[in-house]
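Turn these sequences into a full structure, and let the hints steer you where they fit.
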Amino acid sequence: MLPHRGKPISSKAVTVWRLTGALVALASGVAIGGIIWLLSQFHAPPWLLIVLAGVWMVQAIVWVVWLPPLRQRRWRYDIREEEIDIQRGVWSTRRTLIPMARVQYVDVRQGPLLKRYGLASIAVFTAAAAHEIPALPMEEAERLCRLIAEWAKVADDNDA
Amino acid sequence: MTRKARRRLHPIAIMAGLGKELKNMVVPLLVIMAAGSRHGFSWTDILVPLAALIYTLVMGVLSWLRFTYEWDDTCLVVEEGVFVRKKRSIPLERIHGISVTEGIWQRMAGVVQVHIETAGDALGEAEVTLRAISREEARRLQRCVEQAKHKAENASHPEPLANRPHPILFTLSMKEVWVASLTSGGALGVVAALCAFLSQFSDFIPYEALVRDIQSTWNGHGRWYIALLILSILLAAYGVAIVQNMIRYASFVVRKQEDTIVIARGWLERKAVSVPVDRVQGVVIHENWLRRFFGYASVSIIHAGGALDGGPSGEVVLCPLVKKHRIVPIVQACLPEYRLDVPFCPLPQRAKSRYMLRPLYWLTIPVGVAAYMERPWGAGLLFVLPLALWIGARRYQAAGWALSSRQLTLRSGWFRQTTTYMLKHRLQAVEVAATWWQQRKRLATISAAVMPLGTRARVVDMDEEDAASIYRWLQGKRRNQA
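Read top to bottom, the protein sequences are chains H and P. Residues in the first sequence are numbered consecutively from 1, following this note's numbering. Residues in the second sequence are numbered consecutively from 161, following this note's numbering.
Read the hints as simulated data drawn from the structure, not as lab findings. Wrong hints could be hidden among the right ones.
What follows is a set of in silico ranges between Cβ atoms, one per label pair, in the way DEER data are often shown [to be verified]:
{"no.": "1", "chain 1": "P", "residue 1": "R566", "chain 2": "H", "residue 2": "L70", "range": "32 to 40 Å"}
{"no.": "2", "chain 1": "H", "residue 1": "L39", "chain 2": "P", "residue 2": "W597", "range": "36 to 44 Å"}
{"no.": "3", "chain 1": "H", "residue 1": "Q59", "chain 2": "P", "residue 2": "W550", "range": "36 to 44 Å"}
{"no.": "4", "chain 1": "P", "residue 1": "W522", "chain 2": "H", "residue 2": "L70", "range": "23 to 31 Å"}
{"no.": "5", "chain 1": "H", "residue 1": "P69", "chain 2": "P", "residue 2": "W597", "range": "18 to 26 Å"}
{"no.": "6", "chain 1": "P", "residue 1": "T289", "chain 2": "H", "residue 2": "Q59", "range": "29 to 37 Å"}
{"no.": "7", "chain 1": "H", "residue 1": "S92", "chain 2": "P", "residue 2": "P327", "range": "43 to 51 Å"}
No more than 25 Å apart at the CA atoms, straight line, and that leaves these computed lysine-lysine pairs for PhoX-like [stated by the list, open to error]:
{"no.": "8", "chain 1": "H", "residue 1": "K153", "chain 2": "P", "residue 2": "K309"}
{"no.": "9", "chain 1": "P", "residue 1": "K416", "chain 2": "P", "residue 2": "K601"}
{"no.": "10", "chain 1": "P", "residue 1": "K183", "chain 2": "P", "residue 2": "K309"}
{"no.": "11", "chain 1": "H", "residue 1": "K12", "chain 2": "H", "residue 2": "K153"}
{"no.": "12", "chain 1": "H", "residue 1": "K153", "chain 2": "H", "residue 2": "K7"}
{"no.": "13", "chain 1": "P", "residue 1": "K431", "chain 2": "P", "residue 2": "K512"}
{"no.": "14", "chain 1": "H", "residue 1": "K153", "chain 2": "P", "residue 2": "K416"}
{"no.": "15", "chain 1": "H", "residue 1": "K153", "chain 2": "P", "residue 2": "K311"}
{"no.": "16", "chain 1": "P", "residue 1": "K311", "chain 2": "P", "residue 2": "K416"}
Built from N, CA and C at the ideal position, the CB exists for glycine as well.
Pasting the structure below:
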């Protein structure tokens, strides 16, 4: 319906998201393992333990193996003089349009994982919400941040 | 500019502040006392509450002493803080809205409380409350704010604002107040408050014994009594909600003063809310099914400040209850930029089955289980399912959208039909979303966001092309059309 002509985010995003997913799976694995151990102390029926372990397996596979490439493939962004156009979402494809005149400020963000792969995210703030474009190459993120700040100012002047 | 001397609030502010603090403290203090006096009562048990009480009293007086305010033609300056001194200076033209309240304490001293909203900034210091100032002073401050705004907008018209009376645009008759209270959905809120209240006292009420009793009654023939009990609690809650609403909406008056909409209301607590027209982000019309049946609706305006009205943040009630044919002229007079009489486009026929089936996704299993557990009579519950289908069809019919060169309008819901009117230059973002199932049927969900955080209107299952046309409408070349 709405063909997107924008650019994809870095393909290294898949690796970063897989690592994040693995860390989350590790944490939830410890939690679920603890619960299973507790339950087994109280002689819970074995099928319950198997179900719990199964739930953990499924969520680990979804977050580490299945979702990251789908997410990366769906992500598109396009930054034009008058608006920011974003496409994302796995289950539901979402297209978001933010008029440049509504942008209040822009952030470049970088966690330890992103830094390791030379990536950064930018977050665009309007008075209504924050919109994040994740996992861009460092220089690209900084260039976009400056560009958006510049254009947002121009659009604001024209709007007033 | 000559700056007026710094001033203190009327001393009744101490009492008003104390009253509020004590109300917050009373439950925790009672709990502490009760916990302490479990093994017999001794004077040490009241030590903690006494200390807290004295501390609050001293702090109340000190913070009153330290709180000063002043303003000139451009700025309101507030100094406060007992240990950490804080000085805030607020440009008058930045003030988004002013609400004037008369609480019980303020009434006793013949003063008012003024609550000032500025643009919601990230620091969370968007508001100032002057707890007790004289009525004339409040009026003077309001006039200064209006003048400052006026000056900021058009420096070419420096003429002072005339003090003439402004025509009343909307009032509620006593009968309408009554109907509005009767048909409001506030009863659920009261029930929630009751639950919260009861949970505070869970230490004192022997819930476990109560539950055991209820269980034994339930297994006997007493379930009708319990149903009756629940029903009467609900009815009582409804009654309380009615009274609350009547107090809230009594002598409701809407005026337009120059570029500001002023809404005055309330019976025990008189309140006046002023909203500058250029801070209005949208108009919302709510019609719950009961009011719609009698041809009534309610109108709110979305406002880019905090919760001036005590309602949900960002919405101010303009008309709590109004005959539908009167809405257009009232809004036209208050906010001439908005067009309410737009023709709505319906959703495509192929969306209907999705609307009808949607409630069944989450209803079928619980209803089926309940019907099975309580058979044979529980089978009557199965009638809920066709009812859900019917409501889905009604929801499908209610939903719609309208687009003009400057305005987007979205409508959805049946129990509480909500129509949101948004101007193009107020839209913060538009989102078109489609799941795989929607894409297969060439449908999409549209949502539009306006200013206070999280305010958005949504229509599910529009024609894909229509959603795309709204998206393109906000894209590029905006200024050529506007």
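25 Å limit on alpha-carbon distance, applied to hinted pair K153 (chain H) and K311 (chain P): The given pair, whose Cα atoms are some 24 Å apart, holds under the 25 Å limit.
Pair hint K153 (chain H) and K309 (chain P), alpha-carbon separation not exceeding 25 Å: holds (23 Å)
25 Å limit on alpha-carbon distance, applied to hinted pair K153 (chain H) and K7 (chain H): holds (24 Å)
25 Å Cα cutoff - pair K12 (chain H), K153 (chain H): Outside the cut-off at roughly 32 Å; violated.
Given pair status - K416 (chain P), K153 (chain H), alpha carbons within 25 Å: This hinted pair is violated, its Cα atoms lying about 33 Å apart.
CB-CB spacing for L70 (chain H) and W522 (chain P) relative to the 23 to 31 Å hint: holds (26 Å)
Cβ separation of S92 (chain H) and P327 (chain P), checked against the hinted range 43 to 51 Å: Given range 43 to 51 Å: holds, Cβ gap about 49 Å.
Proposed proximity, K416 (chain P) with K311 (chain P) (alpha carbon, max 25 Å): holds (19 Å)
Outcome for the supplied range 29 to 37 Å, where the beta carbon pair is T289 (chain P) and Q59 (chain H): About 47 Å separates the Cβ atoms of T289 (chain P) and Q59 (chain H), which means 29 to 37 Å is violated.
Satisfaction of the hinted span 18 to 26 Å by the C-beta atoms belonging to P69 (chain H) and W597 (chain P): At 22 Å between Cβs, range holds.
25 Å Cα cutoff - pair K431 (chain P), K512 (chain P): violated (45 Å)
25 Å limit on alpha-carbon distance, applied to hinted pair K416 (chain P) and K601 (chain P): Violated - the C-alpha atoms of K601 (chain P) and K416 (chain P) are around 48 Å apart, more than 25 Å.
Hints 6, 9, 10, 11, 13 and 14 from the earlier list are contradicted by this structure; the remaining hints agree with it.
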